[in-house]
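So the protein lines, in turn, are chains A and B. Numbers 1 to 285, taken from this note's numbering, label the letters of the first sequence in order. Numbers 1 to 270, taken from this note's numbering, label the letters of the second sequence in order.
To be clear, the hints were calculated from the coordinates, so they are not data collected in a lab. Note that the structure is predicted; figures quoted are calculated from it, not measured. Be careful, since some hints might not be right.
[What the hints assert, rightly or not] Here are a few chain A residues that face chain B, going by a calculated C-beta distance under 10 Å:
#1 K27
#2 V29
#3 D32
#4 R89
#5 G92
#6 P122
#7 I125
#8 K148
#9 I162
Positions of the beta carbon are idealized from the N, C-alpha and C atoms, including for glycine.
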Amino acid sequence: MDFITAQNLVFRYIDEEEQQENNVIAKNVLDDVSFTVKKGEFVALLGHNGCGKSTVAKHLNAMLLPSGGKLFIDSIDTQEENEDFTIRRKVGLVLQNPDNQLVASIVEEDVAFGPENLGIEPEKIRLRVDEALKAVDMYEYRNQPPHKLSGGQKQRVAIAGIIAMEPDCIVLDEPTAMLDPKGREEVMNTIRKLNKEKGITIVLITHYMDEAVDADRVIVMDNGKILTQGTPREVFSQVELLKRHRLDVPQVTELCYKLRACGVEFDELALHSDECISKLVEVLS
Amino acid sequence: MRDIAFGQYYPTKSIIHSMDPRVKLILLVAFLVLTFCTLNYAALALVVACVASIVLLSKVPVKMYFKSLKMIVVIVLITSALNLFYGTGEPLWEWGFIKITLSGINNAVFVAARIISLILISSALTFTTSPTDLTDALERLMKPLTVFHVKVHEIAMMMTIALRFVPLLLEETDKIMAAQKARGADMESGNLVQRIKALVPVLIPLFVSAFRRAYELAVAMECRCYQGGQGRTRMKILTLHKSDYICTFIVILIIVGVVLCNVLLPHTLR
């Protein structure tokens, strides 16, 4: 079985009984969502605001439980009682606002917060904290207060706080939405590094198409449903479909798409700028 | 707004920094009591000398201490002025109903010295101890209170979070004030009542955002498996070192010194 298996996931904020009592029909925030994530995979979840992607994130570590369908994390049903903390040890969630997820006023003590909650021996916590801070390149800042760090650095500390709990999977809910381009780059590099070097499964929720390009697989959501999924190349080649749902494609892909519409011959649409350049050179020469 | 020095941690390496926070806390309380037990100038001088040496030993810039004193300058002035004029005995100088006596001067000096040492020594504690260490120490010192069903861990956690969010909320206040000024809000003119009223459009957004932050923080804490104090371990273990015993011994010596001064020498204060 895959690490994450979602089968026909349905979620609404009001359950059926209440709907009948109050005579309201609640919209399904998630409607028949099915997908899988393999161990060690880097999956990007794309979509507009309000399309249900954050709701998926909260399902993945059992903060929310499905109203219908099943969700298995490492073969454990999230609806099983008393398993929520087992699941949260396996799947760590990093939120959007770095300021609101740091607990302690010293970086290393904040990173230690998770392992402390797990009841690990002090010496081992020390090791984990140091290792986690080194993994996100924030070791030199371990004695700093968080409010003296930049947004990107704070977000990396938040990621370190999750790594210190040694999860198998990290879910990041728009971790770069509140950061400047430099901070976004730092965070993205960290995420890629964790996936490649530590083999941690990554589910990255974002609305920046450029961040999704590096993923192994992309899942596009719209209105609580899965619109399409596949490798970045498969997904972003469906430019018309994405445009119809007011979603973007990476800039270079759009450039190629528009050139193709003008009659320039491309075998496939580029995803990265280097790729685009070489294709253009090919066409021009 | 950002200028509040009192209660801020100043990270550096010094003997005072490396002391056990529990010991520091207990010694602070002992010292606070001691400053109010000085009855003559010899005892006062001893305490002031100790405070000064602690300030110097902490390796925190003296400027920081002045900043924290700046906030209470008015209080010191008012209380010593009151004490100056309420002395009893032979007046040294008289003008109308105002008379200054020797005991009045003594009282004023003692009050000023006591308040200043009080602030300096408490600032020394907060400058040299990280907030988490401090709350940690409080949690451990208050542990016996769990017998009386006092939620020690929860109180300590609340303090940690409060301290974490102080700079954040200060920053936010500045931002909201700037935003309201940009909308034409007038906060600098008018009488006291008008100024207080002008703060309402700042406080309401601040409250709303504080609640939003609190909710998000709760989610983040739950994501990190927080389940209250039970079964929780700590990364930092507090152990007493040689320096802690030496400092405690020195403070005991000072206490003995002050007591001796009080007993052997005539009292300045009655």
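For this session: Report holds or violated for the interface hint on A:K148, using the least CB-CB distance to chain B and a cut-off of 10 Å.
Result: holds, 9 Å
For this session: Using Cβ atoms only, decide whether A:I162 comes closer than 10 Å to chain B, and label the hint accordingly.
Result: holds, 7 Å
Problem set entry | Interface hint status, A:I125 versus chain B (Cβ within 10 Å) | holds, 4 Å
Exercise. Going by Cβ atoms only, is A:K27 closer than 10 Å to chain B?
Worked result: violated, 22 Å
For this session: Would you check whether A:D32 satisfies its interface hint, that is, whether its CB is within less than 10 Å of any CB in chain B?
Result: It is violated, given that the least Cβ distance between A:D32 and chain B is near 26 Å, above 10 Å.
Exercise. With 10 Å as the cut and Cβ atoms as the points, is A:R89 at the interface with chain B?
Worked result: Given a least distance of 6 Å, the restraint on A:R89 holds.
Exercise. Given A:P122 as an interface hint, is the shortest Cβ-Cβ distance to chain B below 10 Å?
Worked result: holds, 5 Å
Exercise. Can we keep the A:G92 interface hint, with Cβ of chain B closer than 10 Å?
Worked result: At 7 Å from the nearest chain B Cβ, A:G92 passes the 10 Å test, so the hint holds.
Exercise. Is the interface hint for A:V29 satisfied, with its Cβ closer than 10 Å to some Cβ of chain B?
Worked result: violated, 17 Å
Violated hints, in rising order: 1, 2, 3; the structure is consistent with all others.
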